[in-house]
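**Q** Chain residues, written in single-letter form:
Protein chains: 2
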Amino acid sequence: MEKTLKTAGEFALIEKIKKDFARLQTGQNVSVGIGDDCFCFKTGGQTLCVTKDMLIEDVHFKKEWISPQDLGKKAMEVNVSDIASMGNVKPEYVFIGLGAPADTPLKYVERFYEGIKSVCLKYSVLLSGGDTVKSDKIVISVTLIGKACGKIITRNGAKNGDLIGVTNTFGDAGAGVELLYKHGAKYKYLKEEKYLISKQNKPEARLLQARIISEFATSMTDASDGLFISVSLLAKGADLFCEKIPVSKELLKVAGGRQKSLEYALFGSEDYELVFTVPQKRAAKLKKLLPEISYIGCVNSSKKVRYFYDGKEQKTVYRGYKHF
Amino acid sequence: MEKTLKTAGEFALIEKIKKDFARLQTGQNVSVGIGDDCFCFKTGGQTLCVTKDMLIEDVHFKKEWISPQDLGKKAMEVNVSDIASMGNVKPEYVFIGLGAPADTPLKYVERFYEGIKSVCLKYSVLLSGGDTVKSDKIVISVTLIGKACGKIITRNGAKNGDLIGVTNTFGDAGAGVELLYKHGAKYKYLKEEKYLISKQNKPEARLLQARIISEFATSMTDASDGLFISVSLLAKGADLFCEKIPVSKELLKVAGGRQKSLEYALFGSEDYELVFTVPQKRAAKLKKLLPEISYIGCVNSSKKVRYFYDGKEQKTVYRGYKHF
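So the protein lines, in turn, are chains D and W.
Going by the working numbering, the first sequence opens with residue 1, and the numbers climb by one from there.
Going by the working numbering, the second sequence opens with residue 1, and the numbers climb by one from there.
Not one of these hints is a red herring.
Which residues of chain D face chain W? A partial, calculated answer using Cβ under 8 Å:
#1 E10
#2 L13
#3 G45
#4 V59
#5 G97
#6 G129
Hints are computed from structural coordinates only; laboratory data are not their basis.
The structure presented is a predicted model; accordingly, all values stated were derived computationally and were not measured.
Every residue gets a Cβ at the ideal spot worked out from N, C-alpha and C, and that includes glycine.
All chains should be modelled from the sequences, with the hints used to inform the complete structure.
**A** Structure representation (structure tokens):
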């Protein structure tokens, strides 16, 4: 059978491309190459970080689920989140590619750009260009360039014994999108369900926290494909203690208990919280500066990411979001 | 009737967005703001130029018309062409966003990236990142960052009396895509027709020429939407002399004469040749360095772009490619 994107898997594809291009990756100005949350390069003594993300209608969102303003905001925030993942970086210039059907109301596009604009103002980012083209479905491609203001934190710096930290709670966005798939947007949702849906539709990048964490962390990424995958990106081996994974009271209620909530936290997507590693001796100081963080496990020399609940190892069932 | 992208037109939309964001465009580091071929900003004493273009299946190309290698090459070349439009700029880092259906053969994607890679090698550009997502149709979003090595030439610098220059011939790509629409890819084409189709599928950025022209030009752009629109972008008023517009012998044969060929040259899209203005007294020296350029008209104080054939003004019929 011929291999397709679906059967080969996206990660296999990216690995192949990275390998093919590896010998081209020799630029002495490259600080962080392909495969991290951002690509970083030095120019005239300044390090710049670049990220690029696409959002596709009916793959990443449905038009009925999210207002055009929130869609614009989300497209921005998820890219700012990639910038935040690199540590102390200020987002500066954004380029928006928008594909839309010819019969899209102009109002829709204007509102989308209102959303973009409000996040530009929030972070003092300059809309710097882009492209508007016809397309069957809405396609959003954002490129964001940031300026390193301090330490760059990559995915590759975790040491055995480091603690694994996270910002805020996990699993809300994944549970939120599941509700939307199940009942659509017009359903009469409970207050707690609405909260989960708003976490799906209105993510917020942790730019400020990233700046502080960057002074302590040995590695960092943002959780776009679930906590389990994020930890796997930072450490070959790690133990996670599920009791310590922070989940919201809304998720606990909607999911019906801690066990099910943890599934969303570990394998749900689009939380856009930061996941990072910190040397044990520095962990308390960071927690004092940012009380909203939690330490949920530690890096070790085992070759896999294990997770424990009530002291018992749980079986890893891969349920992360697959792009293909 | 509610305004849609189609009824409002893409240019109206871009104008609106530019106006809305104008007050945000105050960054002192911005050299060239939104609305040129690239956005340019200074960082650490270095000026960088950024362009972003999208290619959408069944809008910009059909899968049957172009091989995946050529598609990858074209996606690169049209962005390099935007970089070339800014003068003496070296393309450095490229980010590829690719949306593709889940059943796309892995081979197709690999060949697409082979095309990308060959152009990266040609211009010493580093593939620096990107995103691969599922989508109904193939969607390609390229972001290319270049480093200014000399003078930046914008669209806004033409003076009355300047000559209007162009590289190579015009109209081939527009005639080529018309053939593909008419007969499809499997038709038995004449040699000359194949040439026109290859000009559609295999554009080449004029990076080297741009570097030389930048030492002479007062303004420059590349012709992606026809010569007429390109000239309109550089000058409010200009006279074009159609006899001087260079067209290939292949186009003359296929179009059946000069008059019809000129229609393709003026209003056909995707030539990706450079269009620029030069002070009269410097024009001869540039022509000596680059014999392949032609001077086709001059900038004047009239408020419109007129074009003459055999001394008689021709009526402007807007036939440029509309994105919506």
